[in-house]
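Participant: These protein sequences, in sequence, are chains A and B.
The first sequence maps to residues -12 to 104 in our numbering.
The second sequence maps to residues 4 to 118 in our numbering.
Derived Cβ-Cβ restraints for the label pairs, each shown as a range:
# : chain 1 : residue 1 : chain 2 : residue 2 : range
1 : B       : Thr118    : A       : Lys56     : 42 to 52 Å
2 : A       : Asn28     : B       : Ser21     : 19 to 29 Å
3 : B       : Pro64     : A       : Asn28     : 22 to 32 Å
Reference excerpt, derived from the structure (chain B facing chain A, CB under 10 Å, subset only):
# : residue
4 : Val7
5 : Tyr38
6 : Gly43
7 : Val58
8 : Glu106
Hints were generated in silico from the structure; no laboratory data involved.
All values reported here derive from a predicted model rather than from experimental measurement.
For each residue, glycine too, the CB sits at the ideal point set by N, CA and C.
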Amino acid sequence: AQSVTQLDSQVPVFEEAPVELRCNYSSSVSVYLFWYVQYPNQGLQLLLKYLSGSTLVKGINGFEAEFNKSQTSFHLRKPSVHISDTAEYFCAVSDPISSGSARQLTFGSGTQLTVLP
Amino acid sequence: EAGVAQSPRYKIIEKRQSVAFWCNPISGHATLYWYQQILGQGPKLLIQFQNNGVVDDSQLPKDRFSAERLKGVDSTLKIQPAKLEDSAVYLCASSLVPPRHYEQYFGPGTRLTVT
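Chain B on its own, in the form it takes in the complex (with noise of 0.2 Å):
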């Protein structure tokens, strides 16, 4: 079974510039998972979709995160202008609908340096 694909691995932009990363989760798992894992920190969820219906997106920073999840597959997380405190690892992962939500699959992570 293909796990968690994320893409890019690394990006490197200037400060105000856009960024956009891709998720592509397990196939038939129904709930997707965008989190943001500052260096030395653990994973802080910023958005949560159940196929392509935001579920909560409390913790996002809407003036600049931005995240859509069309036809309740993939889905892409863009930051417009980015700061230097978004340098961080986004992660995406995703599970099945409950009850069986509890485990989830994590990609390997896009390492954002806004500089």
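The following block holds chain A by itself, in its conformation from the complex (with noise of 0.2 Å):
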């Protein structure tokens, strides 16, 4: 079975500053890996997802996240924070291989990014 570890349920920032919010999976198998933004009273907005080939993958708003298979990690990081990235993030993880179509989404439990002014 798949699980999803974020190590960091808050991280405060202050604005312009840099920030990684850190993501964990455990899986036998290969692994499609993705960060998901909940922003307060609204579903789920996909950031950016990793499928295969190239580590780092670039997202929206200037988020980016690198594949690493030996640490089996996933870390979302931003150069420059701004107040308008304040929500919350989740990782989560899907199986490409299992059978049939229940390819589903485990995710982790959640960081809350609080960008500070």
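Mind docking these for me? Both chains are given alone in their own frames, and the hints should help you get the complex.
Facilitator: Following this line, the structure appears as structure tokens:
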């Protein structure tokens, strides 16, 4: 079974500072990896995804993430955050090889990023 | 392109009452998911449909929860009777069929409070 661990439940950071949100996964097979963002009272929006190829993935709003297979990690980074980045961020994993159509997302528990002025 | 629509956005009921949520996925998306998101946790899959067939409902509490997707488009999720621990946000998502299933699009959710 797959699982996702987001090591920090809350990350406060000052505006224009860099940020890293950590995500580790456990899986015995190859995986697809995702970061979603959830703004207050809204659904989840896909930030970026890793399916294959380059381990450095760029997403929307200036975010990027790096897939590290040896460390089973997929940390999210942004070099300079804005107030508008304040939201909850979820890391998720999907198994691309499971049988049938039941290729589901398993989510971490989320990291609340709060950008301070 | 219109996104995933859900209604109602908020619902407050007393325990032992029943409630239903509605979801309209993105046009052309054959796969539909219902998730439960309890405060402070990530979404947990309840049920997955492909067209009007159930792909996986292994985490659906079938003694009180039911879901259907008639005609392979809209879907409803029902809880009867509700318990206090059902208080959560219920998210609907949709995606294309495999192999392009990996990107799921989420609706705004229905926040359920059971008192």
